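Line by line, the protein sequences give chains A and B.
The first sequence begins at 7 in my numbering and counts up by one.
The second sequence begins at 402 in my numbering and counts up by one.
Calculated directly from the structure, the hints in this document are not laboratory data.
Hints are supplied without guarantee of correctness; some may be wrong.
[Said to hold, decoys possible] For lysine to any residue, the following SDA-like pairs were computed, each having C-alpha atoms within a straight-line distance of at most 20 Å:
| # | chain 1 | residue 1 | chain 2 | residue 2 |
| --- | --- | --- | --- | --- |
| 1 | B | 412 | A | 50 |
| 2 | B | 429 | A | 227 |
| 3 | A | 231 | B | 516 |
| 4 | A | 11 | A | 279 |
| 5 | B | 429 | A | 218 |
| 6 | A | 136 | A | 126 |
| 7 | B | 516 | A | 152 |
| 8 | A | 231 | B | 519 |
| 9 | B | 429 | A | 215 |
| 10 | A | 231 | B | 411 |
[To be verified] Pulled from the structure, derived: some chain B residues nowhere near chain A, Cβ distances all over 10 Å:
| # | residue |
| --- | --- |
| 11 | 406 |
| 12 | 408 |
| 13 | 409 |
| 14 | 494 |
[Unchecked claim] Output of the computed footprint for chain B on chain A, the stretches with three or more beta carbons under 8 Å from beta carbons of chain B:
| # | segment |
| --- | --- |
| 15 | 225 to 231 |
| 16 | 259 to 265 |
From a predicted model like this one, the values you see are computed outputs, not experimental measurements.
C-beta atoms are modelled at their ideal positions from N, C-alpha and C, and glycine is treated no differently.
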Amino acid sequence: MANLKDIRLRIQSVKNTQQITRAMKMVSAAKLRRAQSNIINLRPFARQILAMIADIAVTHRVRHPLLSTNQNPKKVLLVVVTSDRGLAGGFNNNLNRFAHRFYLENQKNFAQMDLLFVGRKGADFFRARKLAGIDTILNLAREISFSLAAGVADRLMESFIDGGYDAVYLIYNEFKSAIAQELKCERLLPVDLSNARQADDGKKPFSKDMIFEPAPELIIDDLLKKHFSVQVYRAMSESVAAEHGARMAAMESATKNAGEMIRSMTLTYNKLRQASITTELIEITSGAEALKG
Amino acid sequence: MFVLNLVTPDKRLVTDTEVEEVTVPGFKGQLDILPGHAPLLTTLATGILKYRIKDKVESVVVSWGYCQVNPEGVVVLAETAESLEEIDRARAEAALKVAKTKLLEPILQPDQIAKFQHKLARASARLAALENQ
């Protein structure tokens with residue numbers, strides 16, 4: 007049986023841990039609020055750009071390298087977005103397992119499949135499975151800015167236009183609510199316009215007599231590039247918001263579990279203490295009885 | 402009257418607001434949009450976007466973006482948009498000075514020239530918006 011001092015020490019240590027998890031929860035909640043408003047503001051912008059592209063592409067049959075679909079993609083790039091830091095429940099693990107499965111399932115279909123990691127956890131996971139990525143981008147949660155995303159987007163776009171890759175897929179956690187994320191696998195390039203019209207439902211169809219300043223070909227080139235960087239930025243922001251949400255939920259349940267542990271240990275402690283007091287009293291009284299003789 | 406939407410990646414500055422008139426810095430110059438305007442899609446230059454609600458005129462400084470005019474309203478997508486209260490005069494003045502001196506330097510890469518010209522345009526648009534309020 008554990009003695010009193012041991013239990014007291016354990017209770018104290020669990021209490022300390024609980025304090026940490028509670029603080030982490032608070033921090034995540036604050037960060038989540040910022041990330042959440044960020045993503046909610048970004049979504050309409052991303053949707054509008056795509057709707058505009060779809061409008062122009064449909065009415066003008068514009069050809070553009072970013073739109074051309076290769077029927078038989080050979081070289082494919084997989085972008086895996088995770089977080090740099092752990093302690094976020096199943097956030098990274100679920101995503102990594104999903105990405106790994108995707109990788110294994112599609113390995114036969116494509117001649118070559120390269121990986122690019124955003125966030126340390128994804129790179130670590132795949133390194134343990136002897137799969138190296140072509141690059142890893144870190145420090146996402148600390149400073150997620152449009153220029154950072156645009157830089158990544160530029161590099162992806164270059165490798166796509168130069169003929170390096172036939173398709174670019176993006177795997178990330180989409181932010182649903184503070185406690186729920188959804189695993190998403192999207193084809194980033196070539197740009198998929200099939201969902202665009204849906205996103206824009208309820209609106210009147212695009213007028214054919216539209217005036218363009220400058221010419222539609224020039225506009226769509228600019229728009230597509232912008233759309234692509236916005237998509238990358240959006241995926242990163244979604245992932246950051248989802249990460250903070252997942253961490254908040256994980257820390258919440260950790261705090262609750264610690265409370266449960268403290269409660270049960272305190273009970274054991276009190277029982278033991280009472281037992282030892284009883285034993286002591288018995289010893290004293292029986293000693294006094296013996297002296298009386 | 403028609404509906405104006407002004408969206409940037411960071412925020413929705415104007416959402417489904419009924420306005421009488423919108424003036425945007427278009428690709429070919431200042432462009433005034435009144436109800437019943439023909440459908441139009443233009444890129445935006447860096448400059449001041451104005452919209453009028455009843456008799457109140459609001460100014461916003463925008464840079465890079467699109468303006469789409471539909472029968473149902475106007476949608477403006479801008480990369481950055483700042484209302485007058487958000488403009489920091491001292492910073493804009495400093496940026497203007499830096500851009501001006503940089504552009505005078507003899508050895509500049511073409512992309513650097515474009516970058517500083519952009520900065521110059523943005524800083525002067527901000528200051529102009531403050532002057533005209």
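Per the stated criterion, does the least C-beta distance between residue 406 of chain B and chain A lie above 10 Å, as a non-interface residue requires? Violated: least Cβ distance 8 Å, not greater than 10 Å.
Distance restraint between residue 231 of chain A and residue 519 of chain B, which requires alpha-carbon spacing of 20 Å or less: Answer holds: residue 231 of chain A to residue 519 of chain B is near 19 Å, not above 20 Å.
Between residue 429 of chain B and residue 218 of chain A, does the CA-CA distance stay at or below 20 Å? holds (11 Å)
Tell me if the straight-line CA distance from residue 231 of chain A to residue 516 of chain B falls inside 20 Å. Given that 20 Å is the threshold and the Cα spacing comes to 18 Å, the pair holds.
Verdict on chain B covering the segment 225 to 231 of chain A, where coverage means 3 or more residues with a C-beta closer than 8 Å: Answer holds; 3 residues pass the 8 Å Cβ test.
Given the hinted pair residue 516 of chain B and residue 152 of chain A, is their Cα-Cα distance within 20 Å? holds (17 Å)
Would the hint linking residue 412 of chain B and residue 50 of chain A be met if the CA-CA limit is 20 Å? Roughly 9 Å between the alpha carbons, so the hint for residue 412 of chain B and residue 50 of chain A holds.
Keeping to a limit of 20 Å between CA atoms, is the pair of residue 429 of chain B and residue 215 of chain A held or broken? holds (19 Å)
Claimed coverage, the segment 259 to 265 of chain A by chain B - three or more beta carbons nearer than 8 Å: violated (count 0)
Going by Cβ atoms, does residue 408 of chain B stay more than 10 Å from chain A at every point? violated (5 Å)
Residue 409 of chain B and chain A, when compared Cβ to Cβ, separated by more than 10 Å: violated (7 Å)
Below or equal to 20 Å on CA atoms is what counts here, so check residue 429 of chain B against residue 227 of chain A. With a Cα-Cα distance of about 18 Å, the restraint between residue 429 of chain B and residue 227 of chain A holds, given a limit of 20 Å.
The structure is inconsistent with the numbered hints 11, 12, 13, 16, although it conforms to all the rest.
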